[in-house]
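Participant: So the chains spell out like this:
2 protein chains.
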Amino acid sequence: MPMTLPKLVEADLPLYIRVPSLTSVPGKILLGNLEEASSFFVKALLIRQKYMKISRQSFCRTTEKALKTYVDKSLECIDHEDVARSICAGLPTESFEDVNPFDIEFLPDNGNVCKIKNGIVMVYEDKDALEREKPLDLKHPDVQEFVSDRNVLLALCSHGPIKSFAYRRMSFLESRFNLHVLLNETNEIAAQKRVSHRDFYNVRKVDTHVHAASCMNQKHLLRFIKNKMKNCPNEEVLFRNGNVMTLEKVFRSLNLTSYDLSVDKLDVHADRNTFHRFDKFNLKYNPIGESRLREIFLKTDNYVDGRYFGELIKEVAYELEDSKYQMAEPRLSIYGKSKIEWDKLARWAVNNSVYSDNVRWLIQIPRLYNIYKSNNLLNNFQEMLDNIFTPLFEVTCNPSSHPELHRFLPQLIGFDSVDDESKAENHLFHEDSPLPNEWDLPENPPYSYYCFYMFANITALNNLRKQRGLNCFMFRPHCGEAGSVEHLMAAFILAQNISHGLLLRKVPALQYLYYLAQVGIAMSPLSNNSLFLNYHRNPLPSYHARGLIVSISSDDPLQFHFTKEPLMEEYSIAAQVWKLNPCDMCELARNSVWMSGFEHNLKKHWLGENYLKEGIESNSISCTNVPGIRVAYRHETLEEELCTICDPQIKDHIPPHS
Amino acid sequence: MPMTLPKLVEADLPLYIRVPSLTSVPGKILLGNLEEASSFFVKALLIRQKYMKISRQSFCRTTEKALKTYVDKSLECIDHEDVARSICAGLPTESFEDVNPFDIEFLPDNGNVCKIKNGIVMVYEDKDALEREKPLDLKHPDVQEFVSDRNVLLALCSHGPIKSFAYRRMSFLESRFNLHVLLNETNEIAAQKRVSHRDFYNVRKVDTHVHAASCMNQKHLLRFIKNKMKNCPNEEVLFRNGNVMTLEKVFRSLNLTSYDLSVDKLDVHADRNTFHRFDKFNLKYNPIGESRLREIFLKTDNYVDGRYFGELIKEVAYELEDSKYQMAEPRLSIYGKSKIEWDKLARWAVNNSVYSDNVRWLIQIPRLYNIYKSNNLLNNFQEMLDNIFTPLFEVTCNPSSHPELHRFLPQLIGFDSVDDESKAENHLFHEDSPLPNEWDLPENPPYSYYCFYMFANITALNNLRKQRGLNCFMFRPHCGEAGSVEHLMAAFILAQNISHGLLLRKVPALQYLYYLAQVGIAMSPLSNNSLFLNYHRNPLPSYHARGLIVSISSDDPLQFHFTKEPLMEEYSIAAQVWKLNPCDMCELARNSVWMSGFEHNLKKHWLGENYLKEGIESNSISCTNVPGIRVAYRHETLEEELCTICDPQIKDHIPPHS
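Going down the list, the protein sequences come from chains U and S. Going by this note's numbering, the first residue of the first sequence is number 1, and it counts up by one from there. Going by this note's numbering, the first residue of the second sequence is number 1, and it counts up by one from there.
Please note: incorrect hints may appear among the correct ones.
Unchecked claim - Here are the simulated DSBU-like cross-link-like pairs (lysine-lysine), alpha carbons at most 35 Å apart as the crow flies:
1) S:LYS324 with U:LYS564
2) U:LYS314 with S:LYS564
3) U:LYS337 with U:LYS134
4) S:LYS324 with U:LYS228
5) S:LYS65 with U:LYS314
6) U:LYS230 with S:LYS193
Claimed, not checked - Simulated restraints, written as ranges between beta carbons of each label pair:
7) U:GLU315 with S:SER323: 17 to 23 Å
8) U:ARG240 with S:ASP322: 48 to 54 Å
9) U:PRO366 with S:SER323: 35 to 41 Å
10) S:PRO92 with U:TYR259: 41 to 47 Å
Think of the hints as simulated: they come from the structure by calculation, not from any bench. All figures in this text were calculated on a predicted structure; none of them were measured in a lab. Even glycine gets a Cβ: it sits at the ideal position worked out from N, Cα and C.
Whenever a hint applies, use it, and build me the whole structure from the sequences.
Facilitator: Below, the structure written as structure tokens:
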């Protein structure tokens, strides 16, 4: 049952040498298992599609089409253009050089009222509706349904024959790619050479995963601190023990002069002692091991109102602008300790004019409930969710209630969930887990519990914001860096894309699903090399060969990088150690733009007018420098895999679609 | 028989935890072999010392002292300060910003006459002496003696028990270093932190091995070419087939516009196809595969008199100056096809003001006799030597005979021998090999033959130049990148230091000798990764652990590097992949300065006033950021090894000193 191959629209495609299809092979080997395996994979894909649709996130178009064609003709597809337009909606389309992106329209108060219930913020028409407990029908997922969906993945990933099947398919895919490269490398490179002007240096690359507090390298931070000590020693920068301290006083208290300071003394770089010690690594955020320096220089909320941090961030942004082709998606923190965090953060951004054409923001939520609970800052987990999400619902209903936040939000593209995944989790999220308002235990909820409630609130929020014509957000958590593989199951269901994904190498069935659904993975091999996995064991080259959507990101230039161009350093090392060719590098760069949260019109400019379409149509080699041959190979291979999985012969075996 | 340990002069040294000595161990295991092995190693070290002394190069002071103390009290030691002062003698000591280094004193003609004989240039008092064939007594080595000395090394390296002994010692040294680091890392890092201001970024690093024609990265060359096409399309740049071509015409003939040009089209980067294909790699020097572009942009001798190349080199030099702490020793080519090459090269440098505080030059001689011979440019090998060396003797006797060359030479620090070492060599250099004037065979002389005759001429030249108070030169060939290990034997005898040395990993006895004599090795792991050895198999970290003097160099940024800072990129990748700590990195940087050809006064400034002394006295942590503990460990370990080897009990077994 061959699908039709995409039309050959580019001059170089006639040169494409196709690798023989492997479609029929697994059937012969594993016919009995194939049916069972396929039914599970299809079910898992349908689950993800359901969650992506409800949350207004996107889903691989090719996969969705295959599901609709072969599995369920009634499947409601996602309006991908609509989703793409929702990202950063409300931002000026001109360069921020000419227009201040904080100057945006204020909608009137719609009079709605928000209140959190069972961990999800509910919106009521008015106070009256609140009293009658009649919330608006903003779609959000059901916790019981999520647990049962997650259980499908748990079953799938621990099922022996399915594991063998997936492992075999992934091996096939890797071998097939290697064969493809041997057959087509010359033509791919020739196609790249035929493109005028464009090369790896001037294709767009997005640093899809970087933390704002560590987005400058160690030398940059050192220079900045030295400059401040030299030029404004008498500035009051810190309030400690009832006293206001000047910068000079702070440094005197540390027994340091500007001249003394060196990168060694700053001691922010990861070293041999941080390997498998995320706790030690976290301490590296404190320059000279002093939390007060972190507070002065790397925080948005401090005695100088985060002015120094704003200046630092702007310096990094200038460098990106100067490079022209490098973008970044830095993470800023919201902790959920109090409701005013959002206003403070937004005020910092607006007052310090922290914005750049080359930067869009994500909010990272550290999973630190247990700390706040033990410090009596919170009574239960719901209060944390309330602090994080209620202000966002309020500002959506009535922008004037948090004016700076309203100005800031269009530049925000999504949410990240961060912390040490390797910490032990004692609780498995199940049907009878306490609801957030009941979670007053001293221990932290598990990863998937955090993810579900973040996702549920983002979903409701997106649906509310869409109604008001405001921009929507993606869920893009850290996932699979360490710890339980169950994290990767939750993220498969809920996340637009993930950061790290290292542990997929241990779960072939899940890895195969991430491939079939083309879930983006922002990988940071240098970060992994310092923390969890030596460089030459990193699965990035293997994921890339197999066709997972992988991008390269820097994570923490402050801790990991040496040169002035951390992202280029990251690409360079990958290219050298793994012998990537220019075509691979441009493909990785294209992936980074594709999975990023930059606006629809920018992506059209950077990837090609039709980037939302499928296969080679979606690619413009004159923008991306990725040859049509490569894109055609990826597309055909995915279609063949989907064709194997969605074979109508096995359709009847699929468990009922819940 | 313990030697006295060095005095502990630094505050942090009391914290130094010494690894138990391993001196006695091999004796127990290999007593019979130890005597035989030791006698061979001592003999080999004495051979090297003899050649270094005669050629006015230097020899490890600690090793020399051990040889003199335990082996041969009559051994004549090298005057190391005198040798160090001979490098770049005659250069202004001020910054070249204030003084033009080409403005130097002209000595009068001393009336001497030069003529090559048996492959070595002879100097005669005057024409009369020439007729009487009575040359001046400039020391130079004897070819028969060299062959017999080389045979000692051949015997040593193929002797089973000696191989076992050396392998075991090198393994001991590596384990010992690893233990040292585990015991002392905390104190080493603490010592670095105590140093004000100094860190890895602001210790001096010399790029000890880089080719001038590829010292800019691909993006830099692209930008330069595009600028030229934009700003001076009508400049006449090339003479081909009887016509002068403008830049525009050249590009029209290639069917290219400035806009078309990309890094991909330039195609100068090494790729998967260059691995083990040095021949393909060499073609990468031709932008767009076109030798005419190489001629226009990367040559000193062309229609524009190398002006473009001069501008490019100066741009690279500005970047080094801007970095302040990075220096380079680029190689310029002399081919030996005709005698006017030197004058042309020197004229290029002087007329284009190609000089920089951060740059000193080496001359690379490609081993291409066979090509010139087949093109009838030469009759025999002696003519090539004559073309290369006679002008240097002439300008030494009478500076006015080659005025630009005389101005240029003080910035020249030595000679490199380059070409594909993996090419088969059919001839082994032996007692009855033809003399250079008799070498009219079509095939190339072997590597060691080239080296010997280069060394012999450099030796005579240095002794002549020393008499006249002029600067002397070092012999620093490429060696051990590929091909026969015999190359490494010749270089051990003749070379001040070498580039590459990869194959030492296959010859433990020779590796041990390079360690004992502390012969510098400029390694370029990224270059190796593209050409001969995958990155993670590179022996650099192992050499470094064992105590060989290793530095990191870039070789060809045009072909290998991606970022604007090739040397930092090289250090960064090494640090990341091999998990080097800041102490290792600073030690590598210190090695690079130590083995470089920068002037005595600069080295004093960069390494410490007493850098020529031994052990911790030689190091100033405030200059190098290398802790005393590390230097003490290296020095004590070397002394213990020498002590084992030079044990007087075995002295009587040493074969007579030839």
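Participant: It remains to establish, for every hint, whether it holds in the given structure.
Facilitator: Each hint tested on the structure:
no. : hint                               : verdict
1   : S:LYS324 with U:LYS564             : holds (15 Å)
2   : U:LYS314 with S:LYS564             : holds (22 Å)
3   : U:LYS337 with U:LYS134             : holds (29 Å)
4   : S:LYS324 with U:LYS228             : holds (22 Å)
5   : S:LYS65 with U:LYS314              : violated (58 Å)
6   : U:LYS230 with S:LYS193             : holds (21 Å)
7   : U:GLU315 with S:SER323: 17 to 23 Å : holds (19 Å)
8   : U:ARG240 with S:ASP322: 48 to 54 Å : violated (40 Å)
9   : U:PRO366 with S:SER323: 35 to 41 Å : holds (38 Å)
10  : S:PRO92 with U:TYR259: 41 to 47 Å  : violated (30 Å)
Hints 5, 8 and 10 from the earlier list are contradicted by this structure; the remaining hints agree with it.
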